[in-house]
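Construct all of the structure, not just a fragment, from the sequences and the given hints.
Residues -20 to -1, 1 to 459 in mature numbering (1 follows the signal peptide of the UniProt record, and there is no 0) are what the sequence shown lists, from first letter to last.
Among the hints, a few may not be true.
What the hints assert, rightly or not - Below, in silico cross-link-like pairs of lysine-lysine (DSSO-like), each with a Cα-Cα straight-line distance of 27 Å or less: (1) Lys87 x Lys104; (2) Lys304 x Lys87; (3) Lys384 x Lys449; (4) Lys443 x Lys433; (5) Lys214 x Lys243.
As the list claims (entries may be wrong) - Just the calculated beta-carbon pair ranges, DEER-fashion: (6) Asp12 x Thr303: 18 to 26 Å; (7) Glu16 x Pro440: 26 to 34 Å; (8) Arg242 x Ala453: 41 to 49 Å; (9) Trp36 x Glu210: 32 to 40 Å; (10) Asp20 x Lys59: 46 to 54 Å; (11) Glu34 x Ile13: 26 to 34 Å; (12) Glu265 x Gly60: 28 to 36 Å; (13) Thr88 x Arg347: 49 to 57 Å; (14) Thr412 x Glu210: 47 to 55 Å.
Honestly, the hints are just simulated from the structure, not real lab data. Cβ coordinates follow ideal geometry from the N, Cα and C atoms, glycine included.
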Amino acid sequence: MKALHLTLVALLAGMPMTLAQQTAKKARAKRDITFEYRFDDNLRQTPDSIKRQEQWFRDAKFGAFIHFGVYSMLEGEYKGRGSQFRYSEWIQVSAKMSAAEYHEVAKTFNPVDFDADAWAKTFKDAGIRYVVITSKHHDGFALFDSMVSDYNIVDYTPFKRDIIKELSEACHKQGLKFGVYYSHAQDWDEPDAPYLNNRTKRSVLHPDLPADFQPDFDRYLTKKSLPQVEELVKNYDLDLIWFDTPADMTFERAKLFSDMVRKHRPDCLINSRIIHGGKDKILQENLELFDYVSIGDKEVPTRKIPLYVESPDSVSTSFGYKTKGNHHYHTDAEMIHRLVHTICAGGNSLVNNGPMGNGKLDPEAVRIYGVMGEWLKVNGESIYETRRNPLAERPEWGDISVSKDGKSLYLHVLKWPESGSITVNGLTTPATSAAFLANGTKAEFAQEGNGLKIHLPEQPLNKYDTVIKLSFAESVGKN
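And the structure:
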C-alpha cells in the first residue's frame, strides 16, 4: 500500500539524510490532510460514474481486500531485516533486497493450499459483497498469466496456476463482484518506474545499473504497465480495478489507463488512485478519470463526504501477512465501528486480509470476518443498500444511516449512555415507530419539535453496536 511521500526533494538534494528526513517529517506534519480540505463540498461526480456506482457498488458496502504475493512467504522479515516497517508487502524495500535477490525468493513461491472456492465461500459467509485482490503489487510480480512479462506466478514459480482467473470464477460463482488491485506507477522490478520515497532506491534495487542511467517513466508505462492492464480488462471478468500509488501520474498518463478500461469494460469501476494519492486534494477536473475515491490507508471518514468513497481498511496493522516485528490485529469492536462510520459517512468499507504464503487465509482474519458477518446477519439492513447520514451532524453516541427511500433511519448506538436515553436532533418529520433490530422489540420514544428522545434498556442489546430502526411516513432525506 501507499507509503508517505517524501516532499521537497529539490530542496533536500545534497543535505545529510538525517536532516532530510527531519525536514520531510516537518513538511508532512504541516500538510493539510483534513477531509474539509480534500473534499470541497461543491465537488460533483460525473453522471457516468454515478450510473456505474449505482449498478452495485453503492449497495454493496462491505468488500474484502486481499494482499497476496511473494512477500506473503516472508511474513515481514528477510534474513533478520525489514521487520520494523509496518507493511509486510513492502519487505523488498524495507529489507533492502535487490531485484535479483527478490527473484530468487519468487522462484520458490508455491501456495499449494490455495483454494479459490474456499476463499470465496468464506467471504460470502461473512456478508462480504465484493472482492479485490493484488494482481500486481509494487514488487512487480503478477498473480496472473501475463504475456507481457514472465515475472508472474504461472511462468516464474512452481505453482503454475493463474490465481486471478481461479478467484474471479469462484467469486462470481458465489454471486460476489470481483476486482483487481494493480500498481500502475510504482514497480520495483522496473528501473524506469518512479519510486515514492527515500527508502526506495534504484541503487539498492538495481545495483548493476550504469551510473549514468536515466529512468524513462513513459517507457515503463508503454512496455509493461499499460499492456498488463489491457490483459486484465480483456482476459478477466472484472467489475472493478483498483490502482495505487500514482507517483508522477499526470492527467494525460492517467487518461491512457482510464480510456483502456472504458474501451474494454465500460461498466468496470475505477478508483481515484489512478491519479490521486489517498490523502491528496481531490480536483474536479480529474473526476472524469475515476468513479469513486479511495481515501487513505486504514482511514475512516470523520465527516459526511460529498463524493462516494471507499476506505481501504485492514484487520491488522499490515496489509500483507505479517508475523515478524511490531504487528497487531484490531479488535472486533474496532472493525465493526470502523465499518459503521464509513458507511454512515457515505462510502464502502474494503477490509483487507493477508493470506499466508501457503495459500491459506489467515485464521485470525477469518475469525474477524466471521464476527462482522454474524453482526451483519442481524443488522445488515442498517448497512447494505443504505445511504449516508442525512442529518447535519454525527451524534456523540454513535452514527446514523438511512434507507434508500429515506423513510427509515438506522441509529447505531456505539457508546451506551449513562443517562439511559439518546436524542436525535434535526428531524422535520415525525417518526411513526422505533424498534431494536437485535430482537424486533419496540423502543419507547417521544418527539418534541425537531428532537426525538429514545429510552434505552439498562444494557446494550449488542456489545458492538445496538441498532434502532426509526420509521417515518415520509422521507427524512436521501443522499
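Does the structure break any of the earlier hints, and which numbers would those be? 1, 6, 9, 12 and 13
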